[in-house]
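**Q** Fit chain B to the known structure of chain A by using the hints.
Residue numbers (my numbering), protein chains in the order written: chain A, 1 to 470; chain B, 1 to 600.
Just so you know, these hints were derived from the structure itself, not from any lab.
Bear in mind that the values here come from a model prediction, so they are computed numbers and not experimental data.
Virtual Cβ for every residue (Gly too), placed ideally from N, Cα, C.
Mixed in with the good hints, there may be bad ones.
[What the hints assert, rightly or not] FRET-style restraints, in silico, Cβ to Cβ:
no. : chain 1 : residue 1 : chain 2 : residue 2 : range
1   : A       : K87       : B       : A372      : 43 to 49 Å
2   : A       : S446      : B       : T585      : 31 to 37 Å
3   : B       : N41       : A       : E52       : 26 to 32 Å
4   : A       : T48       : B       : A365      : 46 to 52 Å
[Unchecked claim] Under the rule of at most 25 Å between Cα atoms (straight-line distance), these lysine-lysine pairs were calculated in the BS3-like manner:
no. : chain 1 : residue 1 : chain 2 : residue 2
5   : B       : K280      : A       : K371
6   : B       : K556      : A       : K392
7   : A       : K22       : B       : K17
8   : A       : K414      : B       : K556
9   : A       : K410      : B       : K556
10  : A       : K364      : B       : K506
11  : B       : K280      : A       : K306
12  : B       : K17       : A       : K16
13  : B       : K17       : A       : K87
14  : B       : K506      : A       : K414
15  : B       : K116      : A       : K303
[What the hints assert, rightly or not] Far from chain A, by Cβ distances over 10 Å, these chain B residues were calculated:
no. : residue
16  : K124
17  : G135
18  : T176
19  : P180
20  : L473
21  : P492
22  : D494
23  : I545
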Amino acid sequence: MEESLYRILSGSVYGKVYRGVKEIRGSLMVVENVGDAGYNEVVRIIDTDGVERIGRVLETSSDLAIIQILGDEEGLQTDVLINLTGKVFEIPLSDEITGRIFNGRFEPIDNLPPIISGEKRDISGFPMNPIAREYPTEFIQTGISAIDGMLSLVRGQKLPIFSVSGLPHNTLAAQIVRQATVKKGEDFAIVFGGIGLRSTEAEYFMREFRDSGAIERLVAILNLAEDPPIERLLTPRIALTVAEYLAFDLEYHVLVIVTDMTNYCEALREISVARGEIPGRMGYPGYMYSDLATIYERAGIIKNRKGSITLMPMLTMPGGDLRHPIPDLTGYITEGQIFLSQELYSRDIYPPINILPSLSRLMKSGIGSGKTREDHRPLADQLYDAYSRGTKARDLARIIGEVGLSSIMKRYLKFANEFEEKFINQGVYENRSIEETLDIGWEVLSILPEEELVRIPRSIIEKYHPKREK
Amino acid sequence: MFLVMFLMTDRIGKVKKISGPVVIAKGINDIKIGEVVEVGNDRLIGEVVRVFEDYFTIQVYEPTDGLKPLEPVHATGKMLVAELAPGLITMVFDGVQRPLGRIFEQSGAFIRRGVKVNPLSRDKKWYFKPLKKKGEKVTAGDIVGVVKETPLISHKIMVKYDINGRIKEINEGDYTINEPYGYIELSNGKEIPLMMLQEWPVRTPRPYVKRLSSEVPLLTGIRVIDTFFPIAKGGAGCIPGGFGTGKTITLHKISMYSNSEIVIYIGCGERGNEIAEMLKEFPKLTDPKTGRPIIERSIVIANTSNMPVSAREASIYMGVTLAEYYRDMGYNVTLIADSTSRWAEALREISGRLGEIPVERGYPAYLPDKLAEFYERAGRVQPLGKPVREGSVTIIGAVSPPGGDFNEPVTIHTLRFVGTMWALDPELAYRRHFPAINWLRSFSQYAKIVESWWSKNIAKDFGEYRRKALRLLTVSSEIEAIASVVGEGALPDDQRLFLLISDILKEGFLRQTALEGEDIFCIPEKQYLLLKMIMDFFDKVYVLIQKKVPIEEITKLPEISEMKRVKEDERGIKAVKELYNKIMTRLEEISRKYNIQYLF
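Next comes chain A alone, as it looks inside the complex:
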């Protein structure tokens, strides 16, 4: 046994080696008499059987270090070798990275050799200087009316999809990847981070990417449901480190999709509890906001550089509850949210986007004349208002019956139904231009009498109202 250990060690081991740990508690390891473990330093844990695991220093003092084991802790015993690498978690990057698939620890799983490069990056990245940010203003057309018309996505934005288990968020994400373009027609490079993905889901995405030809400009980081949960803390950070490299070194416009962030947050909670930290809401650690921010805030555009990172994280709201800490804290960091609704889905509306609680904060800067069309903003405003009145009318009709509604409320109700069926609803392979989207908006809006359209300037009504054209 000893001999096999030395054999391993005679290989490529840099830095200090210690033998034996004091305690293994879940995925945490307590090591004594380690004087110089750096905070967040990467540790190699070498088992007596020669199995190697990777860990990370969570807490360090002059006589004690707490190490988080990445990978399966099963079978570990206290008699192991601890190798302090002296480095924080870094990944090698080169321009051969596109088209590749990796696991959650950035090891290739596509039977191709690992990336070899002198260029190594710390996966936790550094905070972007806010002064270096370019404010995003370029409209991305997704071909999906509910998004383009009502929740316009802008290059450099972080816009999450809030879903519930069982809703077609994966289908929607795949459709966005397939259809997303900017006016100038440049393609996006895609970084896909799968966090705790079921293998059927992973296969679905890979098939979609392959069929649409996106695979050539794709980098996938896949942490599957059967992989150790602890690795999920690394997956989104690796994905964004790759994205930063593609965007700010290789000048790509990068669309990053990470799913499902709920699994990430669960892993964060698990670690926090194992460390015995004081829990915040529902047992999630108090620093979850700051932690999520160090992931989401990596989206953006840097002044005087060509590339950009647009981030669409997906998460399933536990219990469909928007106030659950995961969607809540996400919504406070991201620039809006796309909210999928069970109710619309059960009425066979795809994509089942409920626009009322949804929002795109950067929409205002990416639309209007020269970008989409001059009538876009007032039209969207009026559609929001009318749809909110229409759903109110629908609620009222449930109590007093449709006959009890005033004539104007009946029109609003009709509007709401048509809006859902014609505007929101569309095919999975239907790719609508922004002009088509806006025209459908006008068409359904013309159900209402013109006096009701107080949010649209008269000059715009005269120019675009379908009844005026005749």
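**A** Then chain B, alone, in the frame of chain A:
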């Protein structure tokens, strides 16, 4: 603060334990609470938060990744201070006053560890114009000279706190902030140089002679705020709301359009793109009075959510110290903190790592004290020194309650210390009714106080109209609740009138764009006229309805849709007046049609 760091003596300790931003070290016996230290080989900046026996705990303002036990800790002998001198305006700082612009020039788009740059330039020369002569006696706070900091701001150079003496020499001319422009002889005969650069420990409020009351409103141009829930200059207010309800956009508007003389904006744990947006807008937008870009009266403190948590905790104090400094010159300063919840979370995180016992939802027991300390630094005061002057700091803090539920520690305790609350309502936001300030839940204790300003400067009967409109909105919300059960058609005509008017108020008065056009800033005269128009319309129609004129006669009027739109008319007040006359003529016609005599 960094200058002196290099002159330190040999008070060096060693790192003992590291846990995120909290580091325990030992070996400096005379270390003080609040003293700034440099940690590790990278010399990360930190502040001592706790001392026990030989050990002390440091809150480090930069990421501690890679830091190891036994690395050195250097004491600086200084507290966490703000540098105060010309050059602050137009700057963007992080939470511990590092200039982000110069860091960008030096080390690129990402902030690396251990970057050290002076907050203010040591090379730039400012033209100093003395206001005192040789031989004059001066005490702390006296204005001895002035520097034109930007075309909008005259920076008054004040005598440092606790200095008292006779001017020995004072010169006009170009000086850097740490070159002496003169000398002062203290009462004990010692002579010290006069320099523009001063320092102030950020956690200590700057002293003043006395507090003054304030009846002047801070005009924001936002109708629902100015008319219904005003804030006085020197007041404290908060704007709580869940995500997407429009906190930041309202605060941006106030920072851009309000009639403050100086705006200090603290982006505390919020989005980087929001700061980018401000930095894009501020140089473009002009101050209506002077036509100069508003960046010339603004300071931004940006400690975004992905920047170190501990510096986020410090950013609030840094901002309010800068605000007090300009207040002492005699300016009306508006301090905006977005968001105080993120600051409280930083406090919670550090407290947790210090192993303190949490009380509510993980927050430390001293959260209310800290909030009170912060909001108490708002106020209108007479600063120290001569000439006698007045200045104010108005504090407006955003609160981001988890799940949008106001029943949580930060919101609850904040409400105890502020005079006005603008409660944001997700229902309004979903309908894209912005600003989504709920008129039933919001309050303002300043409303009574600033009413006299309105009646003196705008119209005598303003207060009456305000109260009437608020009452109408309250009553109609009750009617709405009934209508949602029985349907509007089943209501009597007078109740339907309430609903009609509240709809006009919501669309034509309360809702206001934040984006562009005439309606972005509503002057007080126009606010009054719009309110008068709608409420007079209500009064007259109410009489008609009582006299059995059917409500349909009113709802079909084309002027109703005009009342909802007139706020956007580019002709401003003129258009409102025209519409007012048109409406009155129309109602007169109706009353004649129904033979109602005494209405006109």
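**Q** State for each hint whether it applies.
**A** Status of each hint after checking the structure:
1. A:K87 with B:A372: 43 to 49 Å: Given a distance of about 45 Å, which is inside 43 to 49 Å, the answer is holds.
2. A:S446 with B:T585: 31 to 37 Å: At roughly 32 Å between Cβ atoms, T585 of chain B and S446 of chain A fall inside 31 to 37 Å, so the hint holds.
3. B:N41 with A:E52: 26 to 32 Å: holds, 30 Å
4. A:T48 with B:A365: 46 to 52 Å: holds, 48 Å
5. B:K280 with A:K371: At roughly 19 Å apart (the allowed maximum being 25 Å), K371 of chain A and K280 of chain B satisfy the hint.
6. B:K556 with A:K392: Cα-Cα ~22 Å, so holds.
7. A:K22 with B:K17: Holds, at roughly 18 Å.
8. A:K414 with B:K556: holds, 21 Å
9. A:K410 with B:K556: holds, 17 Å
10. A:K364 with B:K506: Status holds; Cα separation ~22 Å.
11. B:K280 with A:K306: holds, 18 Å
12. B:K17 with A:K16: This hinted pair holds, its Cα atoms lying about 19 Å apart.
13. B:K17 with A:K87: holds, 18 Å
14. B:K506 with A:K414: holds, 24 Å
15. B:K116 with A:K303: Answer holds: K116 of chain B to K303 of chain A is near 23 Å, not above 25 Å.
16. K124: At roughly 19 Å from the nearest Cβ of chain A, K124 of chain B sits farther out than 10 Å, so the non-interface label holds.
17. G135: holds, 46 Å
18. T176: holds, 24 Å
19. P180: holds, 33 Å
20. L473: Its Cβ never comes within 10 Å of chain A, the nearest being 18 Å, so this holds.
21. P492: The claim holds: P492 of chain B sits with its nearest Cβ about 15 Å from chain A, beyond 10 Å.
22. D494: Holds, because the least Cβ-Cβ distance between D494 of chain B and chain A comes to about 17 Å, which exceeds 10 Å.
23. I545: holds, 18 Å
Consistency with the previously given hints is maintained throughout, with no hint failing.
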